[in-house]
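S.K.: Protein chains in written order, with numbering that gives the first Met the number 0: chain A, 0 to 306; chain B, 0 to 306; chain C, 0 to 306; chain D, 0 to 306.
There's no promise every hint is true.
Identical chains share a label here; the pair holds if one copy fits it or two copies do between them.
What the hints assert, rightly or not - Derived pair list, reagent style DSS-like, types lysine-lysine, alpha-carbon separation capped at 25 Å:
(1) K226 x K6
(2) K106 x K7
(3) K226 x K7
Since the hints were derived computationally from the structure, they do not count as laboratory data.
Number of protein chains: 4
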Amino acid sequence: MDYTEIKKVIEQVYNLILNEENKGQQASYIPELSRVNGESFGIHITTIQNEEFGLGDNTGKFSIQSIAKVLSLCLAFKIMGETIWERLGVEPAGTAFNSLVQLENDKGIPRNPFINSGALVICDMLISHFRNPEEEFLNFVRDVSDNPLLDYSQKIADSEKSAGYRNVALCNFIKSFGNIRNEPSTVLDFYFKLCSLEMNCGELTRTFLFLANGGNKLSDNKSILTKSQTKRINALLLTCGFYDESGEFAFKVGLPGKSGVDGGIIAIQPNEFCISIWSPRLNEKGNSYRGLKFLELFTTNTQVSIF
Amino acid sequence: MDYTEIKKVIEQVYNLILNEENKGQQASYIPELSRVNGESFGIHITTIQNEEFGLGDNTGKFSIQSIAKVLSLCLAFKIMGETIWERLGVEPAGTAFNSLVQLENDKGIPRNPFINSGALVICDMLISHFRNPEEEFLNFVRDVSDNPLLDYSQKIADSEKSAGYRNVALCNFIKSFGNIRNEPSTVLDFYFKLCSLEMNCGELTRTFLFLANGGNKLSDNKSILTKSQTKRINALLLTCGFYDESGEFAFKVGLPGKSGVDGGIIAIQPNEFCISIWSPRLNEKGNSYRGLKFLELFTTNTQVSIF
Amino acid sequence: MDYTEIKKVIEQVYNLILNEENKGQQASYIPELSRVNGESFGIHITTIQNEEFGLGDNTGKFSIQSIAKVLSLCLAFKIMGETIWERLGVEPAGTAFNSLVQLENDKGIPRNPFINSGALVICDMLISHFRNPEEEFLNFVRDVSDNPLLDYSQKIADSEKSAGYRNVALCNFIKSFGNIRNEPSTVLDFYFKLCSLEMNCGELTRTFLFLANGGNKLSDNKSILTKSQTKRINALLLTCGFYDESGEFAFKVGLPGKSGVDGGIIAIQPNEFCISIWSPRLNEKGNSYRGLKFLELFTTNTQVSIF
Amino acid sequence: MDYTEIKKVIEQVYNLILNEENKGQQASYIPELSRVNGESFGIHITTIQNEEFGLGDNTGKFSIQSIAKVLSLCLAFKIMGETIWERLGVEPAGTAFNSLVQLENDKGIPRNPFINSGALVICDMLISHFRNPEEEFLNFVRDVSDNPLLDYSQKIADSEKSAGYRNVALCNFIKSFGNIRNEPSTVLDFYFKLCSLEMNCGELTRTFLFLANGGNKLSDNKSILTKSQTKRINALLLTCGFYDESGEFAFKVGLPGKSGVDGGIIAIQPNEFCISIWSPRLNEKGNSYRGLKFLELFTTNTQVSIF
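Based on the sequences and whatever the hints tell you, model everything.
M.R.: Listed below in structure tokens is the structure:
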């Protein structure tokens, strides 16, 4: 892959989209998120040759929200291995991302780790494992990213908690099936905390680069996940990373990826790079409008894809 | 990729599985299918360097069933382009493969072209387009495979029709929403016919090799689909190719693929090869028990995967 | 109960409603039904003291549609007794009247005999029992009503068949679960035929009066159903007679009853009378707009109710 | 109705059932309920002629659980009138009594006031209306029953709260749709409290006798509800009083009624009597096994029914 060419395409597509109407709505159900500037638009790419390139608001911080679910999953997978799949599945959900219907049919087993219910079960596992899960998780993220300054936003965590009735419902519902072991309020506090983790686009790509690098950190080649585990995380990102729009993302973009409700997206080209976008206005499926648009044009113009 | 190594792994895994218990049940709802020898077990691989290797019952013919849905989709996509997506989606179904529930919620729009409802809508499109759809479809398949001897099995088509109440229900249900344009009985006849298409493992890999070759036939480099269309078909195979087990297949195998109820499976490694397996006993999700097992071990041992 | 008072209330309420806007939509999915005059409005009451009173278009004929399901159920119940409940339930459906979702969850067992799926299963039972089910059913109806001139409308039956894709779907779906024993097309033909049965308001009340008379015909005291069976049919009419609006009807009207898509309604006050209304414009739940309105005011003003 | 005859039938049926096997399971999900003696079996009847008759454990106290939902509904209906129906429906639920699926489809509007979700919305209304809802509700019940000694069981309320994850989920889920106005924990505390209300069979029939008496207390003819409201409550009891077995109860028993998870049942014959049964073993639908059995035989032998 020609990195100069990639940079050129990024610039072209970025400018093209910047000049088009920015459709969609910012997340409004979390008070603090609605205060973010909806016109923010940043891009960043980091390759496994350690090349970096960013554009626009790529240094603006935002809460990575559901993108953090990938990191909590990786940590649980690293510690507990395949046993985690006894308590949740690996199938696309096929319904809205916070649906309770599926849980009722499946007796409290979430269909995958990226819907809210699955992420709550992963949080529950980490709470059972660690004495100080919030601290341990943050240490893990700081280690993966080589960035000791990354932190939660207590303000955003509090804001989510104040409006998180749907997640309270989800967590107690799973608890009623016995698939949450700790007190729901403890699990929810941890969940809201990890969703509040703040990064900018550059920090995002450097954090997730190990998924493009066979599970190893680029800086010191330290293994975060095995090669086989990395492959599996990437497969899950492809089939389940974009809620009820995962098929569409695979179809149009063709890369493993994950979105967050604050408008962030990461995407992975295995053995090549990690790319991130930030643009807070969301389409009706809850994914960044400009983020999807950018990645579709970027992969079409570069012919980058895993397929 | 080292082809000699690949062959060795295929032989090892084949023999390993052959010596293990063959679990699962043959499809019994289609009378003719239950007459097939459940212990049949064949493997075949064809690479884009035109190397071929087969083992076991790789020359035994069987009806490719739902694998034919990939070919009818390719034909419709080739002819009508992106307009086909106005009448069906590209999202994993999230429920059993012949569920009517989803159709009721989505007003007759099937979630993807590989569930029965979606395949029926594709059939309807081809019927509207061609004067002799059965003949035209067969010509297309023969052309793609360079094999003028490929044919339907009238016996199997008849057998499926005699027991196809669920498909009759599906087709009339979609018709009631207006998303079938022709008479349901005409659509069903064509559908049963294409599911009855017979191939052996070798013929399967040669037919589907174009999906590993950027959309072009290997023999004469003739374009069946554009590169972008090919990428999209492969994405669909990955997210939707194995009914309600698609996520599991992506997770464990990590290749685009498609299964049929007679025990056939194809899988694609883009830019490398097409591999097929035939073993008629199915797991409870309706996919070949040994086929899945083989592909999981094969990709683990060779570290082949798109991720 | 004072019959003179009842008559007065009927006249008052009839005139009140006649002067209000006639909201709702006529059934349009059956071509022949959309030709009926939407402004038709008839009322008729017959008491077990053999008093009769009619108003408006009470002598205009219309197809009684789903009201016929009560008669086919009574015939099957009379012949086969409680064994019929092995193949269908007695619970309100809780979803739209022709939903396939419930059938999928319950493996082909319809929730009650008044949703289309349940009525199809009852038809199937009668076909298995009689050599000439259409003739036998008509004889039963003529006998119950003392009216040898009652008949099907072939024109309406044909019209329903031409547009009956949803019912074809339902019948084949139940067949796929094994709960239809005869060929779906045979069952459907009989079903469309009995829905086409034509009566006027007066004929309706005379036919159904036995449900207000402990199961006996008024003219000759002949038993159609036992007292216990009659009670059960009335209970079913109360809980399931108005599709997804049955609770509302019980709540506001408080009488066992049944509606048809051509705008007919019957209601029973046990030990007192049968009343019928005909007005073809339907509310969004598929029940006669004026019919419901009339019965609500009628029962409120007379304080008639089973509760 | 001959009261001497009624008493004789009650004795016969009681003894018959007492000598048969007591099937079913006691509620186990609430720790305190599983301590109740499962063999308790009491009957009591009170007529509007003020005749009373009790048998067996008719003076044993138990928590009336969901039967209390009828009283909270009556209080809300009395105070707020028909406006309460803007926030919940009057249709049978068609699914298990604590299902979240229906709520998701209907955007937080419970289908009726007797499923848990509906009862929670009624609790929310009372909390918004009263400064001290627990006290006011208890005063209402004591007034209706002429019994100042009736009280909650704090022990049972606490026990339910400790295991009430499913109800916590329900309440927060409805809150997420905006149909709970107060804090979920406040609503839940009140809900668990009213379910813990304790009565014996005799107290139950005396409390609910007003529903058989046109809405008036027998002792002083004071109006609790209007005649029209009483009719509507009875209609709701008939269509929705027994969870997913309401149709069966109407079909076999034919009386408005309500069951509780501690094994209590009340049934109303309008203008005649109120009858109660207590037997803690439940069938799989969550209703008292012996209670249903008793009422079926009782109504069959006396030919009592509203139909």
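S.K.: Measure nothing new, just compare the shortest in-copy and cross-copy C-alpha distances for K226 and K6 to 25 Å and report within, between, both or neither.
M.R.: between (28 Å within a copy, 22 Å between copies)
S.K.: Classify it for me, K226 with K7: is the Cα-Cα distance of at most 25 Å met within a copy, between copies, both or neither?
M.R.: between (31 Å within a copy, 22 Å between copies)
S.K.: At most 25 Å between CA atoms: does that hold for K106 and K7 within a copy, between copies, both, or neither?
M.R.: neither (50 Å within a copy, 43 Å between copies)
Of the numbered hints given earlier, the model fails hint 2 alone.
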